[in-house]
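A.B. asks: Chain by chain, the residues:
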Amino acid sequence: MGPHHPSTHGVFRMVVTLDGERIVKLKPVLGYLHRNHEKIGEATSYLGSMPYTDRLDYLNAMTNNWAYAIAVEKLGGLAVPERAEYIRIILAELSRLQNHVCLAGFLLQDTGASGTPLMYAFRERENILGLFESLSGSRMMCNYQRFGGCRVDPSAEWMQQASTLVEGFGAFLDEFEELITGNEILMARTQGIGVLKAADAVAAGITGPMLRAAGVAYDIRKVDGYGFYPRFNFRVPLGAHGDTYDRYMIRILEMRESIAILRQALRDVPAGPIMDPKAKLRGFSPKPGESYGRIEGPKGEIGFYLISDGSPNPYRYRVRPPSFVNLTVLEDLCLGHTIADSVVILGSIDIVLGEVDR
Amino acid sequence: MLQNPGPAAQHSLLVSAAVLRQVAEFLRDDASLRLDYCSNVTGVDWPDKVVVETTRSTVPDPAGGPAKVTEQKTERLEPGFLEVVYHLYSMVQRHGPVVVRARTANRTDSATLPSLTPVWRSAEFQEREIFDLFGVVFTGHPDLRRILMWDGFKDYPMRRDYVEPEDYAWEPTPHGDLVEKAKRAQAQSGGAQT
Chain A
28 MGPHHPSTHG
38 VFRMVVTLDG
48 ERIVKLKPVL
58 GYLHRNHEKI
68 GEATSYLGSM
78 PYTDRLDYLN
88 AMTNNWAYAI
98 AVEKLGGLAV
108 PERAEYIRII
118 LAELSRLQNH
128 VCLAGFLLQD
138 TGASGTPLMY
148 AFRERENILG
158 LFESLSGSRM
168 MCNYQRFGGC
178 RVDPSAEWMQ
188 QASTLVEGFG
198 AFLDEFEELI
208 TGNEILMART
218 QGIGVLKAAD
228 AVAAGITGPM
238 LRAAGVAYDI
248 RKVDGYGFYP
258 RFNFRVPLGA
268 HGDTYDRYMI
278 RILEMRESIA
288 ILRQALRDVP
298 AGPIMDPKAK
308 LRGFSPKPGE
318 SYGRIEGPKG
328 EIGFYLISDG
338 SPNPYRYRVR
348 PPSFVNLTVL
358 EDLCLGHTIA
368 DSVVILGSID
378 IVLGEVDR
Chain B
-6 MLQNPGPAAQ
4 HSLLVSAAVL
14 RQVAEFLRDD
24 ASLRLDYCSN
34 VTGVDWPDKV
44 VVETTRSTVP
54 DPAGGPAKVT
64 EQKTERLEPG
74 FLEVVYHLYS
84 MVQRHGPVVV
94 RARTANRTDS
104 ATLPSLTPVW
114 RSAEFQEREI
124 FDLFGVVFTG
134 HPDLRRILMW
144 DGFKDYPMRR
154 DYVEPEDYAW
164 EPTPHGDLVE
174 KAKRAQAQSG
184 GAQT
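Protein sequences appear in the order of chains A and B.
To convert a position in the first sequence, counted from 1, into my numbering, add 27.
If you count the second sequence from 1, position 79 lands on 72 in my numbering, and the numbers rise without skipping.
Simulated from the structure, these hints should not be mistaken for laboratory data.
Watch out, some of these pointers could steer you wrong.
Claimed, not checked - Within a straight-line C-alpha distance of at most 27 Å, the following computed BS3-like cross-link-like pairs (lysine-lysine) qualify: (1) A/K224 <-> A/K52; (2) A/K224 <-> A/K54; (3) A/K314 <-> B/K42; (4) A/K66 <-> B/K42; (5) B/K66 <-> B/K42; (6) B/K61 <-> B/K42; (7) A/K307 <-> A/K66; (8) A/K224 <-> A/K249; (9) B/K147 <-> A/K66; (10) B/K42 <-> B/K176; (11) B/K174 <-> A/K54; (12) B/K147 <-> B/K174; (13) A/K66 <-> A/K314; (14) A/K66 <-> B/K61.
As the list claims (entries may be wrong) - Cβ pair distances, simulated, as ranges: (15) A/S141 <-> B/F146: 32 to 40 Å; (16) B/W143 <-> A/R166: 31 to 39 Å; (17) B/R69 <-> A/K307: 29 to 37 Å; (18) A/G363 <-> B/Q181: 36 to 44 Å; (19) A/W185 <-> B/G145: 32 to 40 Å; (20) B/T132 <-> A/K224: 44 to 52 Å; (21) A/T365 <-> B/F146: 50 to 58 Å.
What the hints assert, rightly or not - Calculated Cβ distances over 12 Å to all of chain A for the following chain B residues: (22) Q3; (23) P72; (24) G89; (25) R153; (26) E173; (27) Q181.
We put the beta carbon where it would ideally sit given N, CA and C, even for glycine.
Could you build all of it, start to finish, from the sequences and the hints given here?
C.D. replies: So, in C-alpha cells, the structure goes:
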C-alpha cells in the first residue's frame, strides 16, 4: 500500500501479505521524505537548526523547538527565565491540543466518517494556529523557541485571546465526544482492534499516548519534571485494554488535562524577561561535551542528542523521533486484522512522515 | 567510564564490543537498575585523525647560560572508529539516562558490533538506520536492511568523509559551480547528457 497516502498520513508505504482479507505479514517501507536532516544539522549553526526542527513533526513545531532548546541549554549550561518557561508550557499544551484534535479527526476519517468530524477538528485547530500565527508570524513553522528563552513576548491581549480559546475548548470537546465517543460504528471498528500489551510497549520503546493507552504510567512531564511542570496539577490518563479505542480515548482525556494545565499557566504567568541575558544566539559555540534533552511531545518522547567539539556547528546532531520508534510495533498490531483495520491502526499510532523519514 | 566535560554532565559507559550484549542484559535485568527502556540509539563517526605531539627537552648549557630548549614534533595517526551510543531509561524505577557507548574496531573492514535489538526491541529501527547511514553491521539483528535510503544505494551518507555523487541529471542554472559540476559529470560519463 502506498507510498501515496494510505489514508491521509503522508508518503508511507506498507508491504502487506494477505491470506484472504487477513494480514499475515506487514513491513513498513520508509524514506520517501528522507533528506538527511541530521547531516544538515551538522552543517548548520546551533541557531540555524532551530527553524529546521519545525519541519520534523510539522504539526508540532512548538514542542520540537522546545526539545531542541532543552538539549542546547543543557549543552551550554543556560538558564531560562520564569516567564519564558510559562510561555513554553502554554504553547506546548496548545500544540498538544491541536495535535490530538487532528488525530481524532483523522482517525474518524480512517474509519470512514469522511469529512465531517475532521472538519470539526480542523475548525478548532485553526483557532489555535491563529494564535500561533499572531505570536510567531507563522501558523505551523513557528520557529519560536530559542535556547535561553523565547523569541517574542506575548501581549496581554494575546493571553486574553488564549484564555478565551481555552475556556471554549471544553465545550467543543463535550460536543465532539457526544457525537463520536459513544458512536456504535467507531466502537465496532476500534474496540479490540490492534491490542498492544504493556510489556511489549515498554520493550519496543513506545512512548506518548500510545504507551499510556497500554496502561503504563510514564509521562516525561511527570518523570523528568522539566520546565515548571511539577508546579502544575494534572493527571496522567491511562488505558486499560491498549486497543485502538483506548488510543483514541486517551487523547480526548489528555486534551482535558491540557486544558487544566493551560488554565493554571494562563492564570499564573509572571511578568519579567523572556531571554537569558547570557544566551548568545549567533555564533553560539558551547564547550566540548554532549547532551541529551527530551520532552513529552504530543506523539511521544522527542529528544535531541548533541555532541559539541567547541565549534559553532554541532559535531553530531541526532533527533530521537517518537513516531519512527512507535512504528516498530505496527506489524504486531495489524497481524490477523483486515486491510481496512490496518489503516485505522496506523491512524491511531499517529505518525508524521516529516519526522519518521527526516 | 567516559567523562562528559560539558555542563550537562551526562557521563557514559564505554563498553567493549565483546561483552556488550552481556552488559546490556545486566543493565536491563538487574533489580536496582531495571533499565527496561532504550530510548535513543545514535551513530557517531570519528574519522582517522592526525595528532601532532610536541615533546620538549631541556638541555642545560654547560657554560652556565640559559638552558636550551628543543622541541620535537611527531605526527601520529589515531585510527578512526564508528561509535554507537545508547540512551537507557527505566520506566519502572523512573531514572535515567544511562549512556552506553560501544566502538567498532575500525571504519572499514570490521565495522561490526553485536546488535542490542534482542535485548531492547526499540533498537530495531534505529540500528537499521545506523547500518543504513553509517555502515555499522549489527550481528544478531533480526532484519538488517537499509531503512531510509533505497536498497540499491551504495555509500553511507552520514559518514563525515561522504562525498555526494556527481552523476545526477542536472538542469542548466546560472550558478557557476553547478554548471562546472555537471560538466565534470558529463566528461566522466562520456558526454551523453544534455
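A.B. asks: Evaluate each hint against the coordinates.
C.D. replies: Here is what the structure says about each hint:
Between A/K224 and A/K52, the direct Cα distance comes to roughly 19 Å. Compliance with the 27 Å bound is thereby established for this hinted pair. Restraint check for A/K224 and A/K54: satisfied, since their Cα atoms lie roughly 20 Å apart, inside the 27 Å limit. Annotation: proposed proximity of A/K314 to B/K42 holds, straight-line Cα distance about 20 Å (limit 27 Å). About 20 Å separates the Cα atoms of A/K66 and B/K42, which keeps this hinted pair within 27 Å; it holds.
As the CA atoms of B/K66 and B/K42 are separated by approximately 16 Å, the hinted pair is consistent with the 27 Å bound. For the suggested pair B/K61 and B/K42, the alpha carbons sit about 32 Å apart, so the restraint of at most 27 Å is broken. Between A/K307 and A/K66 the CA atoms are separated by roughly 24 Å; this keeps the pair inside 27 Å, and the hint holds. Taking the CA atoms of A/K224 and A/K249, the gap is about 22 Å. The hint holds against a cut of 27 Å.
The hinted pair formed by B/K147 and A/K66 meets the criterion: a straight-line CA distance of about 17 Å does not exceed 27 Å. For the suggested pair B/K42 and B/K176, the alpha carbons sit about 33 Å apart, so the restraint of at most 27 Å is broken. The suggested pairing of B/K174 with A/K54 is violated, with an alpha-carbon distance near 38 Å, which exceeds 27 Å. In summary, the hint linking B/K147 to B/K174 is supported, as the alpha carbons are separated by about 21 Å, within the 27 Å threshold.
Only pairs whose Cα atoms come within 27 Å are accepted, and A/K66 paired with A/K314 is accepted, the gap being roughly 21 Å. Restraint check: the Cα-Cα separation between A/K66 and B/K61 comes to about 49 Å, which exceeds 27 Å; the hinted pair is violated. Remark: the range hint 32 to 40 Å for A/S141 to B/F146 is upheld by a beta-carbon distance near 38 Å. Between B/W143 and A/R166 the beta carbons are some 33 Å apart, a value that agrees with the proposed interval 31 to 39 Å.
Checked against the hint of 29 to 37 Å, the pair B/R69 and A/K307 passes, with Cβ atoms roughly 36 Å apart. At roughly 52 Å, the beta-carbon separation of A/G363 and B/Q181 lies outside the given 36 to 44 Å, and the hint is violated. Taking 32 to 40 Å as the suggested C-beta distance range, the pair A/W185 and B/G145 does not conform, at roughly 52 Å. In this structure the supplied range 44 to 52 Å is violated for B/T132 paired with A/K224, their Cβ-Cβ distance being about 29 Å.
One distance hint, 50 to 58 Å for the beta-carbon pair A/T365 and B/F146, is violated here, with the actual separation near 34 Å. The claim that B/Q3 lies off the interface is violated: its Cβ sits roughly 6 Å from the closest Cβ of chain A, which falls inside the 12 Å cut-off. For B/P72, the condition that its CB be more than 12 Å from all CB atoms of chain A holds, with the nearest at approximately 18 Å. Not every C-beta of chain A lies more than 12 Å from that of B/G89, the closest at about 9 Å, which undercuts listing it as non-interface.
The claim that B/R153 is not at the interface with chain A is violated, since a C-beta of that chain comes within 12 Å of its own (minimum 8 Å). Distance check on B/E173: its Cβ is at least 21 Å (rounded) from any Cβ of chain A, clearing the 12 Å threshold; non-interface status holds. Every Cβ of chain A is farther than 12 Å from the Cβ of B/Q181; the closest lies at roughly 24 Å, confirming the non-interface assignment.
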